[in-house]
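Peer 1: So you can see what is in the structure, the chains are spelled out below.
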Amino acid sequence: MNEPTPNPDRFRLAILVLTLINTIFAAALSGLQVDANIRADKASRDSQYLALLAANELVRIGHQNAYDSEVFTNTVKDTQQSLVMEFTALELEQAEENESAARLHSQSQVAQARSEQGTALSLFYSDPRYAPATEADIPDLEGYLLDQMKLPNDLVVKQNTATDEYHQWNKKGDAYIAVLTVIAIAFFLLGLAQSTTRLRLFFAISALVIMFIAGAWTGLILIG
Amino acid sequence: MTERKFLDPARMDVVIAVLIALVSLTTALAAWRTNVVGSSAADANRQGLIDALKKGAAQNENWRKVYEEAGHAATFAIESAATEAMESSDDESLRAAAKNLRQYLLPSLQLLSEPLGTQKKYQKPDGTFDIEKRFADLEAEAPDMQALDPAASFELADRYSSEQRWLTMGTVLLAISLLWLGLAEMLSGRARVVNMILGTGVYLFGLLFFLIVEAVSILGRGGVL
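Quick note, the sequences are listed as chains V and R, same order.
First residue of the first sequence? That's 689 in this note's numbering, and the numbers climb one at a time after it.
First residue of the second sequence? That's 144 in this note's numbering, and the numbers climb one at a time after it.
Among the hints, erroneous ones may be present.
Under the rule of at most 25 Å between Cα atoms (straight-line distance), these lysine-lysine pairs were calculated in the DSS-like manner [what the hints assert, rightly or not]:
| no. | chain 1 | residue 1 | chain 2 | residue 2 |
| --- | --- | --- | --- | --- |
| 1 | V | Lys846 | R | Lys197 |
| 2 | V | Lys838 | R | Lys198 |
| 3 | V | Lys838 | R | Lys276 |
| 4 | V | Lys838 | R | Lys263 |
| 5 | V | Lys730 | R | Lys276 |
If we take Cβ atoms under 7 Å as the criterion, some of the chain R residues that face chain V in the derived model are [what the hints assert, rightly or not]:
| no. | residue |
| --- | --- |
| 6 | Ile193 |
| 7 | Ala195 |
| 8 | Arg207 |
| 9 | Gly214 |
| 10 | His215 |
| 11 | Ala220 |
| 12 | Ser232 |
| 13 | Pro268 |
| 14 | Gly270 |
| 15 | Ser304 |
| 16 | Trp309 |
| 17 | Val315 |
| 18 | Ile319 |
No lab work stands behind these hints, which were simulated from the structure alone.
All residues carry an ideal CB built from backbone N, CA and C; glycine is no exception.
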């Protein structure tokens, strides 16, 4: 006849322990979220700084290329001008137009003087990395361009790595926020479990399931 | 008798309430300080990027100036060589032209090519111009720009970020102690005392941890907050 009255404090300690575990979990997750944000900020800064360095290096290379190629093309032009004038002077000599031939010969020497000075000034002839092995060869223009682009290319590779790192940590930080929101739901359910007697177990189990999901999600973020 | 008086529920309620208030206040202060340190890290990063932009702009201008000078210096050197060739030519008209070039054109070109094309210290043994040296000299002419050090700002930002990480851990410890004290408020008897002692212990440990992190970080920055 007499039904046993339900104990109002039943499972209350278990719920307190669950709340405690949830709090510690939330605290640890906050720490992880702060850490992910710090790493994302650092990677973002590095990415911006490296982009700036690469851009500056490209500007410097632009100035250097303009100067090197101008000296080089003028030198080639003067060399060819000198040769053509010399050939023409020889042709005129054969045609016995000696006066014109002598004038052209002098002009050829002037062009040659320009060419020799240009050769002395040009990196393509003075630097052993690019200088032609024989007079018949041309300078190693490809090697020059590869060397010029090495530093900016290296900087861009580092910049891309930093950008990828930024996206990775930023995504983790966002995911931790989502897990913290899920944990807030678990807190809400644990609060409900504290305040009710009849549905206490239902709310406590629901909170436990949500805590488990949050824990698994955190694990996936950590290894991801 | 003494123990019973100490465990008096009404007295314990007040003690725990005071402790909770104290821990809440400390946690709020710790959260504030942690945020301040985070802001300092962001400020240092921002300063570093601004310095890098300023320095980069100044360097770009210096490179432009150096290569402009180099262009003029090359023209001067080439035209000087051509004039010398004209002077030693058999052609009378070329010799006459050379005389005028030396009188009118070369001085103007020389003026444009200064100092890279005229000063010995900028001539390399292989005949080319020492462009790097001229660039270094131009940099030295603007010591305020040379003093800008983005890497130093980034290093400072990293130190602040590292401190922020540790301070967050300290704040978490303080928050956890609040939970134990909350449990103590709800429970009774020995369990209440145990939870209160645990909460107070975690709080004191968290506080000490926080203060040590602060002291070490501030000393590491040479006394800068």
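Peer 1: All hints, please: hold or fail.
Peer 2: Verification of the supplied hints:
Taking the CA atoms of lysine 846 of chain V and lysine 197 of chain R, the gap is about 22 Å. The hint holds against a cut of 25 Å. Under the criterion of a C-alpha separation no larger than 25 Å, the hint pairing lysine 838 of chain V with lysine 198 of chain R is consistent with the structure, at around 22 Å. The suggested pairing of lysine 838 of chain V with lysine 276 of chain R holds, with an alpha-carbon distance near 22 Å, which does not exceed 25 Å. Annotation: proposed proximity of lysine 838 of chain V to lysine 263 of chain R is violated, straight-line Cα distance about 31 Å (limit 25 Å).
Taken as a hint, the lysine 730 of chain V and lysine 276 of chain R pair is broken in the structure, with Cα atoms around 34 Å apart against an allowance of 25 Å. Taking 7 Å as the C-beta contact cut-off toward chain V, the hint placing isoleucine 193 of chain R at the interface is violated, the least distance being around 11 Å. The interface hint given for alanine 195 of chain R is met, as the beta carbon of that residue sits about 5 Å from the closest beta carbon of chain V, less than 7 Å. Interface restraint check: arginine 207 of chain R against chain V, minimum CB-CB distance 6 Å, threshold 7 Å, status holds.
Taking 7 Å as the C-beta contact cut-off toward chain V, the hint placing glycine 214 of chain R at the interface holds, the least distance being around 6 Å. Given hint, histidine 215 of chain R at the interface with chain V, is violated; its Cβ is 10 Å from that chain's nearest Cβ, farther than 7 Å. Taken as an interface hint, alanine 220 of chain R checks out: its beta carbon lies about 5 Å from the nearest beta carbon of chain V, inside 7 Å. With its C-beta approaching chain V no nearer than about 4 Å, serine 232 of chain R sits inside the 7 Å limit, and its interface hint holds.
Annotation: proline 268 of chain R was flagged as interfacial toward chain V, and the flag is violated, the nearest CB pair being 10 Å apart, outside 7 Å. Proximity of glycine 270 of chain R to chain V holds as hinted, the smallest CB-CB distance being about 4 Å (cut-off 7 Å). Taking 7 Å as the C-beta contact cut-off toward chain V, the hint placing serine 304 of chain R at the interface holds, the least distance being around 5 Å. For tryptophan 309 of chain R, the interface hint is violated, since its Cβ never comes within 7 Å of a Cβ in chain V; the closest pair sits about 10 Å apart.
The interface hint given for valine 315 of chain R holds, since its Cβ lies 4 Å from the closest Cβ of chain V, which is under the 7 Å cut-off. At about 6 Å, the closest approach between the beta carbon of isoleucine 319 of chain R and any beta carbon in chain V falls short of 7 Å, and the interface hint on this residue holds.
The structure does not agree with the numbered hints 4, 5, 6, 10, 13 and 16 stated previously, though it agrees with the rest.
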